[in-house]
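Trainee: In case you want the letters, here they are:
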Amino acid sequence: MVQPISEFDDIQAILHSGFGKLEEACFLLARITDLKEAKAWLSTVAGTSGAGKLSYHVTCACHLRESYQGQALQIAFTAQGLERLGVPLDLFPGGDRLHTFSREFSLGLVRGENDQDGHSRLLGDIGENAPSHWQWGTGEKIPDVLIMLYAEEGALQALRQEVEADLALGFEVFDVLRAANAPDDDKLRREPFGFPDGISQPEIDWNASRQPRGVADTEYTNLIAAGEFLLGYPNEYDLYTYRPLLDAEDDPEGILAAAAEDPGRRDFARNGSYLVFRQLEQDVEGFWRFVYAQSPDDDGVGLAEAMVGRRLITGEALVPPSRIAIPGIGPQAEDISLNSFTFGADPDGLACPFGAHIRRANPRGADLPGGSQGLFSRLVRMLGLKQDGPRADLLSSSRFHRIIRRGRPYGRMVDRQSALKEEQPGKKTGLYFIALNANISRQFEFIQNAWIINGKFNGLDGESDPLIGNRCPTPLGLPTAGFNLPQTNGPSRRILNLPQFITVRGGAYFFLPSLRALRYMGRQGIR
Amino acid sequence: MTPLTNFTVIAPIVHGKEDELRTLLLTMNQAPAFADPQNSLVPFGEFDGLHFARFVILKDETLGDLEEFYGPEAAFPDAPVYLAFLGDCDGPPDALLADFANLAASGLRQIFSYCEGFDSKCDLLRWMRDHSVRPAAAYVNTIGRTVRQIREEAELTERLAKSLASLSVSNGLDVPPRQIRDELIRAVRDSGAWPTPVPAPVAWQLRRLFFLVAAPLVILLPLLTLGLAAALFVYGAVLLLLGAVLVAFLIPLRRHETTDPDVQKPPKPPSEEHLKLLGERHDFDVTNQYSVMGSFKPGLFSQRLTTVLWWLINFASPILYPSGNLARIKTIHCARWVFLDNKRRGFFASNYDGSYESYMDDFVNKVSFGLNLAFSQGLNYPQTRFLLWGGAQKEQQFKDIQRRHTLPTEVWYKAYPGLTLVDIARNTRIRQGLERQMMTDTEIRQWLAEI
Numbered sequence: 001m002v003q004p005i006s007e008f009d010d011i012q013a014i015l016h017s018g019f020g021k022l023e024e025a026c027f028l029l030a031r032i033t034d035l036k037e038a039k040a041w042l043s044t045v046a047g048t049s050g051a052g053k054l055s056y057h058v059t060c061a062c063h064l065r066e067s068y069q070g071q072a073l074q075i076a077f078t079a080q081g082l083e084r085l086g087v088p089l090d091l092f093p094g095g096d097r098l099h100t101f102s103r104e105f106s107l108g109l110v111r112g113e114n115d116q117d118g119h120s121r122l123l124g125d126i127g128e129n130a131p132s133h134w135q136w137g138t139g140e141k142i143p144d145v146l147i148m149l150y151a152e153e154g155a156l157q158a159l160r161q162e163v164e165a166d167l168a169l170g171f172e173v174f175d176v177l178r179a180a181n182a183p184d185d186d187k188l189r190r191e192p193f194g195f196p197d198g199i200s201q202p203e204i205d206w207n208a209s210r211q212p213r214g215v216a217d218t219e220y221t222n223l224i225a226a227g228e229f230l231l232g233y234p235n236e237y238d239l240y241t242y243r244p245l246l247d248a249e250d251d252p253e254g255i256l257a258a259a260a261e262d263p264g265r266r267d268f269a270r271n272g273s274y275l276v277f278r279q280l281e282q283d284v285e286g287f288w289r290f291v292y293a294q295s296p297d298d299d300g301v302g303l304a305e306a307m308v309g310r311r312l313i314t315g316e317a318l319v320p321p322s323r324i325a326i327p328g329i330g331p332q333a334e335d336i337s338l339n340s341f342t343f344g345a346d347p348d349g350l351a352c353p354f355g356a357h358i359r360r361a362n363p364r365g366a367d368l369p370g371g372s373q374g375l376f377s378r379l380v381r382m383l384g385l386k387q388d389g390p391r392a393d394l395l396s397s398s399r400f401h402r403i404i405r406r407g408r409p410y411g412r413m414v415d416r417q418s419a420l421k422e423e424q425p426g427k428k429t430g431l432y433f434i435a436l437n438a439n440i441s442r443q444f445e446f447i448q449n450a451w452i453i454n455g456k457f458n459g460l461d462g463e464s465d466p467l468i469g470n471r472c473p474t475p476l477g478l479p480t481a482g483f484n485l486p487q488t489n490g491p492s493r494r495i496l497n498l499p500q501f502i503t504v505r506g507g508a509y510f511f512l513p514s515l516r517a518l519r520y521m522g523r524q525g526i527r
Numbered sequence: 001m002t003p004l005t006n007f008t009v010i011a012p013i014v015h016g017k018e019d020e021l022r023t024l025l026l027t028m029n030q031a032p033a034f035a036d037p038q039n040s041l042v043p044f045g046e047f048d049g050l051h052f053a054r055f056v057i058l059k060d061e062t063l064g065d066l067e068e069f070y071g072p073e074a075a076f077p078d079a080p081v082y083l084a085f086l087g088d089c090d091g092p093p094d095a096l097l098a099d100f101a102n103l104a105a106s107g108l109r110q111i112f113s114y115c116e117g118f119d120s121k122c123d124l125l126r127w128m129r130d131h132s133v134r135p136a137a138a139y140v141n142t143i144g145r146t147v148r149q150i151r152e153e154a155e156l157t158e159r160l161a162k163s164l165a166s167l168s169v170s171n172g173l174d175v176p177p178r179q180i181r182d183e184l185i186r187a188v189r190d191s192g193a194w195p196t197p198v199p200a201p202v203a204w205q206l207r208r209l210f211f212l213v214a215a216p217l218v219i220l221l222p223l224l225t226l227g228l229a230a231a232l233f234v235y236g237a238v239l240l241l242l243g244a245v246l247v248a249f250l251i252p253l254r255r256h257e258t259t260d261p262d263v264q265k266p267p268k269p270p271s272e273e274h275l276k277l278l279g280e281r282h283d284f285d286v287t288n289q290y291s292v293m294g295s296f297k298p299g300l301f302s303q304r305l306t307t308v309l310w311w312l313i314n315f316a317s318p319i320l321y322p323s324g325n326l327a328r329i330k331t332i333h334c335a336r337w338v339f340l341d342n343k344r345r346g347f348f349a350s351n352y353d354g355s356y357e358s359y360m361d362d363f364v365n366k367v368s369f370g371l372n373l374a375f376s377q378g379l380n381y382p383q384t385r386f387l388l389w390g391g392a393q394k395e396q397q398f399k400d401i402q403r404r405h406t407l408p409t410e411v412w413y414k415a416y417p418g419l420t421l422v423d424i425a426r427n428t429r430i431r432q433g434l435e436r437q438m439m440t441d442t443e444i445r446q447w448l449a450e451i
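Going down the list, the sequences are from chains A and B. Quick note on numbering: our numbering labels position 188 of the first sequence as 188, and the sequence is numbered without any gaps. Quick note on numbering: our numbering labels position 7 of the second sequence as 7, and the sequence is numbered without any gaps.
In short, the hints are calculated from the structure, not lab data. Where a beta carbon is used, it is the ideal one built from N, C-alpha and C, also for glycine. Treat the hints with care, as some may be off.
[Unchecked claim] Among chain A residues calculated to face chain B with C-beta under 7 Å, some are:
(1) R111
(2) G112
(3) N114
(4) D238
(5) Y242
(6) E285
(7) G286
(8) P390
(9) S397
(10) G459
(11) P491
[To be verified] Per the computed footprint, the stretches of chain B lying under chain A, defined by three or more beta-carbons under 8 Å from a beta-carbon of chain A, are:
(12) 250 to 261
(13) 393 to 399
(14) 411 to 422
Could you put the whole structure together from the sequences, leaning on the hints where they help?
Mentor: Below, the structure written as structure tokens:
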């Protein structure tokens with residue numbers, strides 16, 4: 001059923017790469033003001049007509065695979081944007097949920113003012129993080145379109161000016177989110193607290209070399225079915241994720257590809273993905289001052305590393321490397337040194353606390369605790385007749401809950417020493433968190449809800465993610481601001497009242513279409 | 001011995017009174033679907049042995065499926081809308097119902113006055129008994145653990161944590177663990193007694209032991225009592241018989257699995273209004289309620305199969321899973337399976353830790369075979385293969401169909417908010433660690449780390 005992926009000319013490049021060599025980036029939030037002009041521009045950048053007219057175009061994965069690209073442009077739409085472009089969005093047209101966008105995307109990251117169905121609460125977007133405080137992403141400030149620009153150092157300004165000038169006919173750019181320039185003296189990208197970031201990514205199984213649902217899934221894998229990130233391909237259940245499929249008559253020019261499992265229909269979503277964008281402001285001074293106050297001996301570095309689960313300078317994990325090779329990690333030596341580990345080697349949380357950020361964001365578990373040993377043993381474990389200790393089998397298998405992260409930091413980078421020394425008023429720093437996934441509720445939202453903000457994650461009590469938790473008590477008043485560090489000599493070291501280090505300032509759910517879908521949307525005359 | 005038992009009072013609601021009743025029920029809540037333990041109608045907090053309780057209106061929005069898939073003769077237009085009053089309690093349920101009839105008479109009378117045949121002058125306890133239904137199957141996470149034990153152990157842990165915190169402040173972290181434990185025991189003793197351990201539920205244990213010993217004995221009996229040749233003959237005959245039964249079962253099973261009209265079509269999605277209603281009623285506590293109902297496929301095959309399977313669940317779960325987990329699921333406090341309307345319809349209710357989405361994740365990824373066994377005869381359930389495969393493994397189809405059948409529970413009560421099963425089990429281990437005579441240094445370290 002699983003087949004290698006070949007349509008790289010149809011896939012936006014961000015699914016393939018984070019454009020690491022392009023130091024500069026900015027994100028334009030825009031609204032459509034003139035439908036005809038907007039479509040004309042989309043059609044042009046997607047390469048339908050007059051592509052030569054512009055010095056830029058939507059970068060596809062094949063461009064990156066073929067040659068170095070000095071600049072890149074990517075486009076994504078909110079549900080509201082697609083609706084304005086005339087893409088049918090009814091939640092369940094004709095009672096048929098299989099053939100439409102996911103509910104999470106259609107309803108958006110923010111579902112109305114008073115969070116009646118608890119969606120913001122489920123994501124931890126309450127208190128300081130509540131959408132009512134956001135700079136963008138609610139009400140009038142919900143963009144229709146996200147245009148992502150990347151360029152070499154010094155080249156972004158020109159690209160942006162050109163793009164903005166062309167956009168002016170059909171769009172109104174109401175905000176420009178400028179990413180920080182990546183420092184060129186360091187190979188590892190760092191987030192504003194100073195830790196290397198984005199170093200652990202799922203490896204998309206482009207070549208379809210792994211068949212999901214096999215016995216091998218009883219061991220942790222980092223090689224993940226393409227359908228977890230790209231719509232229109234089999235996912236980790238070896239099934240096709242629900243997505244908008246159109247009747248052939250809705251695509252008379254035959255722009256879209258046929259749906260793989262239903263060739264009579266046209267696949268609007270094939271080679272596309274959902275993109276989660278969240279602006280996370282980071283309190284760098286607050287972070288380093290807090291850990292310093294807790295552990296002055298080492299300037300708080302050890303505590304900060306325990307909160308993250310990785311070393312500050314090298315990015316190496318606090319747990320020892322895995323003895324067996326993990327599919328989808330390597331062959332590069334750097335990838336192996338940074339990512340070839342699971343938490344199985346640290347069952348008591350002595351090397352890396354259970355609540356550490358990377359242990360929550362991806363617990364690196366497999367389908368069945370205990371691995372693949374013996375058929376009989378597997379049966380006994382599958383039936384739950386043998387339980388190894390109180391913490392055994394509490395977590396979900398990781399392969400169903402992965403995201404590709406393409407975030408970029410913003411603001412002035414403050415190093416640790418100066419964060420401790422002086423007050424640095426003025427510009428805010430943070431991270432534009434960008435994640436790609438095919439099923440928002442099972443991937444991004446599950447990670448955020450069941451793993452990141454869950455006060456009872458993995459048998460813990462009264463904690464949430466030590467970096468990005470909101471510290472708000474649960475609706476019944478249980479605390480979530482603790483952090484427990486198991487110690488070899490007995491009682492755990494317990495830190496209470498962690499301050500909030502990260503505040504959500506904006507965000508939206510986007511659909512990242514394929515180039516075919518962009519051309520389809522760019523057609524004139526529909527609606 | 002204090003077994004955890006349950007009561008299930010189910011009565012049809014007077015036609016057209018359902019909205020009024022719902023409005024009344026919702027007044028009992030402090031948050032959506034989360035009961036105020038001191039609400040004036042039924043102050044659940046006053047009932048000592050009550051673990052969980054709920055009021056839910058069993059209105060099946062999917063009733064039209066019967067006719068849609070199986071034609072007019074399968075329709076069930078006069079299907080009643082029921083009110084269900086559920087409780088999970090320590091000791092015999094009858095005693096608790098009597099307490100309810102005593103302490104919450106006026107509130108319960110007000111609620112049940114919306115039910116058919118309820119007379120304001122009737123004997124309330126008798127009426128509730130008459131409308132009690134015995135679930136076809138019931139599961140409890142840990143047999144014999146009482147509300148009192150859960151609460152007292154939680155309080156003990158809190159006392160210990162406080163003592164430990166003040167010890168660490170005064171001693172620093174370099175004190176040998178054994179000494180810390182001794183000091184903790186002293187501190188706890190000084191601040192009052194700690195709960196007495198609850199006696200082990202001996203009868204349950206014996207029953208379990210009996211089956212665990214009896215099963216192999218029965219299997220080995222021919223070998224032990226007959227000669228080898230005769231024993232082999234008996235085994236051969238039994239295997240042949242079992243094989244014949246299996247074939248006689250598999251042929252109609254496969255026919256139903258492949259040709260039933262309701263499996264020919266993809267499961268129907270829930271409506272947007274329904275999803276909104278469900279969304280509002282979750283994740284206030286660390287534990288959530290789950291109520292789901294639906295029709296079985298028409299015909300004797302699905303009814304009989306479900307009868308057998310639910311009986312098996314009821315019989316085997318206390319033997320195989322007496323404490324801590326049901327197959328691989330460790331988050332279910334208790335659950336029950338109830339037949340309605342002469343087995344034309346069924347109802348399932350559970351209390352589980354964590355979010356709805358993670359509960360579903362466990363269903364799909366850890367115990368899909370169990371879900372298929374228990375629910376695959378429900379109408380429009382995703383197509384199964386040989387009963388165990390397919391079904392719940394079809395992730396999105398399964399999530400859709402179960403959401404569509406989930407009922408928005410009106411009122412739900414939990415006696416120990418904030419405590420998950422992991423917390424409760426940890427508190428028990430902490431109490432046991434106080435009482436143990438011999439502990440190695442490693443055990444003491446692990447014990448201290450849990451506090």
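Trainee: Take the hints in turn and mark each one as holding or not.
Mentor: Structure-based check of all given hints:
1. R111: violated (9 Å)
2. G112: violated (10 Å)
3. N114: It is violated, given that the least Cβ distance between N114(A) and chain B is near 11 Å, above 7 Å.
4. D238: It is violated, given that the least Cβ distance between D238(A) and chain B is near 9 Å, above 7 Å.
5. Y242: holds (6 Å)
6. E285: Result: violated, 28 Å to nearest chain B Cβ.
7. G286: Violated - the Cβ of G286(A) stays beyond 7 Å from chain B, reaching only about 25 Å at its closest.
8. P390: Result: holds, 6 Å to nearest chain B Cβ.
9. S397: holds (6 Å)
10. G459: holds (5 Å)
11. P491: holds (5 Å)
12. 250 to 261: As far as the region 250 to 261 of chain B goes, the hint is violated, because 0 residues have Cβ atoms under 8 Å from chain A.
13. 393 to 399: It holds: at least three residues are needed, and the region 393 to 399 of chain B offers 4 whose Cβ sits within less than 8 Å of chain A.
14. 411 to 422: Answer holds; 4 residues pass the 8 Å Cβ test.
Consistency with the previously given hints fails for numbers 1, 2, 3, 4, 6, 7 and 12, ordered from lowest to highest.
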